[in-house]
Amino acid sequence: MTWLFLPILLAAAVGAWFAARALARRRSAGERAHSRPNQHGAYALIWTAVPALVVLFAASIFSGPVQHQLMASGAPEAVQQLEPFRRQAFYSDANAVGAGRPAVQIWAAPYAELLPSEGRRAARIDMMLSLGGIVAAALAAVLGALFVFSQIRPGLRARNRVEGWIVGVLFFCSAVAVLTTVGIIASLVYDSTRFFSSVPITEFLFGTQWSPQTAIRADQVGSSGAFGALPLFAGTFLIMIIAMTVAAPIGLFSAIYLSEYAGPTFRATVKPILEILAGVPTVVYGFFAALTVGPAMRVFFNTIGSWFVGGPLDGLGQYLMLVQNQMALVAGGVMGIMLIPFVSSLSDDIINAVPQSLRDGSYAMGATKSETVTRVLLPAALPGVAGAMLLAVSRAIGETMIVTMAAGLAARLTLNPLETVTTVTVQIVTLLTGDQEFNSPKTLSAFGLGLTLFLVTLLLNIVAQRIVQTYRQQYD
Amino acid sequence: MTDTAHDTPVADAARVDRLRSGLKRRYARETRFRLYGLLAIGIAVGFLLLLLGRIIDQGHTAFYTNTVTVPVYMDPARVNAAYPQGTNFEQLVAEQQLRRMNIVDDEQGTKASAMRRLFSSELKFVAAERVQRQPSLIGQTVTIAAPVSDDADLYFKGKIKRDTPSDQRRLSDEQLTWLDDMKTAGQVSAHFNAGLFQRGDSTEPELAGVLGAVIGSAMMLLVTALIAIPLGVGAALYLEEFAPKNRITDIIEVNINNLAAVPSIIYGLLGLALFINWMHLPRASPLVGGLVLALMALPTIIIATRSSLKAVPPSIREAALAMGASKTQTVFQHTLPLAMPGVMTGAIISMAHALGETAPLLLIGMVSFVPGLPHSLVEPAGALPSLVYIWENASERAFHERTAAAILVLLAFMIVMNAAAILLRRRFERRW
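Chains as they are written, first to last, in our numbering: chain A, 1 to 476; chain B, 1 to 432.
Source of the hints: derived by calculation from the structure; they are not laboratory data. Note that the coordinates shown come from a computational prediction; the quantities given were computed from them, not determined experimentally. In this text, a Cβ means the ideal position worked out from N, Cα and C, and glycines have one as well. Take these hints with a grain of salt, some might be off.
Distance condition first, Cα-Cα at most 30 Å in a straight line; then the derived DSSO-like pairs of lysine-lysine [stated by the list, open to error]:
no.	chain 1	residue 1	chain 2	residue 2
1	B	157	B	111
2	B	310	B	327
3	A	271	B	159
4	B	24	A	369
5	B	161	B	111
6	B	183	B	157
Covered by chain A, according to a simulated footprint, are these stretches of chain B (three or more residues, beta-carbon under 8 Å) [to be verified]:
no.	stretch
7	294–302
8	315–329
9	347–361
10	397–408
Taking the hints into account, I'd like the entire structure generated from these sequences.
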């Protein structure tokens, strides 16, 4: 319904444009106006459309929560007694029924009868809210138009005002970026505080047991859940180290070769290929890791293990025979491949930023290319390269799909690359993709993990960007 | 050069020798260093080839499929004329097929149920639809074509082999013999798997297709593009052309650089908390997916737009201002149009990137199974990358080749988008 109103609003705004243009022509007949009629028109269009759009936008953001509140406050006794998660599902089904769609779930005795009446109520509330929004928006449009038509006269600085509006809108666009950050921090902090009110923050950061399965009902037999995230941090760290062991040397050496040795044709062929490697979606790397690298590695280690069995290294052999598909080495190795182009393009930029005079000086002293690279360029570029590596580390920590598909779920404290480990991102995905009950520590713990992840990567990025920036300025 | 330091020619020669052997060592090191560089590039390129080769190798078989053609006698005693969908056509076909192959079933009908497992459940729907459309077919023999079951398909493609021990494969020796017999009788034919591009997701691999996910992804990208491109270009214009140099601008700048490096899964958490739990937008809908991806793509679009605005020489702006244009007129009539190719290239590349993004989609509920084709922005839909994730997790082996095929479809879309961006850049980019 709101969607039907938009074209009407648009038509009204265009109408206001023409009307204002004609009015401006008539009122300034004979004398010289400050702005051209079209600029008066644009001014009228803005004042008709923008206030109404703001009202509509606000209505569409707030109608969800308000509708939810209204539904909850007027709900029958039986519905109010449902557990929060079931109640959510009931409301969403009531909305569906009210909108003429079938319910998603099959509801038992008292709820099945309530569904149609609640559905009608949901439809009524929905109608009321969208009508309210439209009326308010229409009012805003009319008031805006009245204001603008009262303003039109030859002396009106319509062009400047329109330009002021344009700059304002552009400022709003760049403010959205800030609002996104605020939104991220607010949502993470809000849900994390709810989590930390039931689990102490010290237990979360330093506890060594992670098993987030809490009992769904209070009387259920089972664990009350353990939220010590240390094994997750250890797993994330292990995989990050493996990934960097692969990505750092390969990425750096390709960057050195591309910037110092390669001819223009070679460079022009290899750079796009590396860009393709960077453009492959991470879910594809995950698929590759889970179904190709994982089984291949398992077979490899099992074969080596079978050579050792019965010999002096029997214990190691027995262990290698039992290695599984999902190990830290696979996830870390494939993640390292994913990071190669990232490391190499950043290092390439940084090595290129070293002034040519340093190279020329080194060559003039008789140094070979490799000596120039290792003794002059790399020491000069070291801060920049370190910054690039930190950015890659932050990427590795936040990477989700490869580890979700190839690392596994077992939370253990180990530094053995052949073990199955789990990471922060894997746990966030696992905790939030099942049936979720939104107020249990289990799902809220995902936000605690998310907040930790966000803060760590933010810190790494800020430090890395600072380093790279100071490095750049050094040679500017 | 003076030679006062070298008093005898002998010492001089020794020195030259030492230098020469040192030089040899240094040149060897130089060659080794160069080789390391080449090796590093070789490893990177080799892995790309391995990755693509492996996916093509796994996925190409999903692009064709096997169809079985069976004559069905529409037994009036068995076919329910009033409600053909209720008829057990699979059993009917299996029994008739056994009879045609002169195989006698046992009391429990184990052979018939073994035979039934070679046909896809599509057979039933095709048969029921034929009878529904033309009830006079009852009592006659009708030829019906339907896909073979996923396991039979794998056997015909050579992915289930006869020499594997029979307890390690899903088809018995007897079933394999029947399949061979049907093949020699000309009942089975291989052809292009059009169903892969015409169907939505399904729990049965032979009936699962990517079209639902392609539509879902397209709707999501539409939302993303409509939100992220105008906002991103606007923000870049403000920061590059209008913003005064002050603290607020600095904060916005630092903020955008940091947002570009925030892990994508954090955007998923934001989407879950903001759009689903607070605004109560429908879970797993393309609308929510598009909004999340838009917030994620915003910083990259801003950065790309700013760099192409920077590339427009200041002389253009100065000329326009000198002719009496206002600041806004200069920007919108001169700077932005000249920067447009770069802006569009950046926008398309960031859309291609958003197309492949998976992690945030998992958190907003796009891991659930959505059968059929999505038809609205506010109802649950699938997306290509999340389909890859769902299929990769499926236990049926036949989904493996389809996962690889879905990846190939995804990569094809990304290649097309990137190629468009490159063409755009080649065609319109101006060097100043």
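So which hints don't hold here, by number, going up? 3
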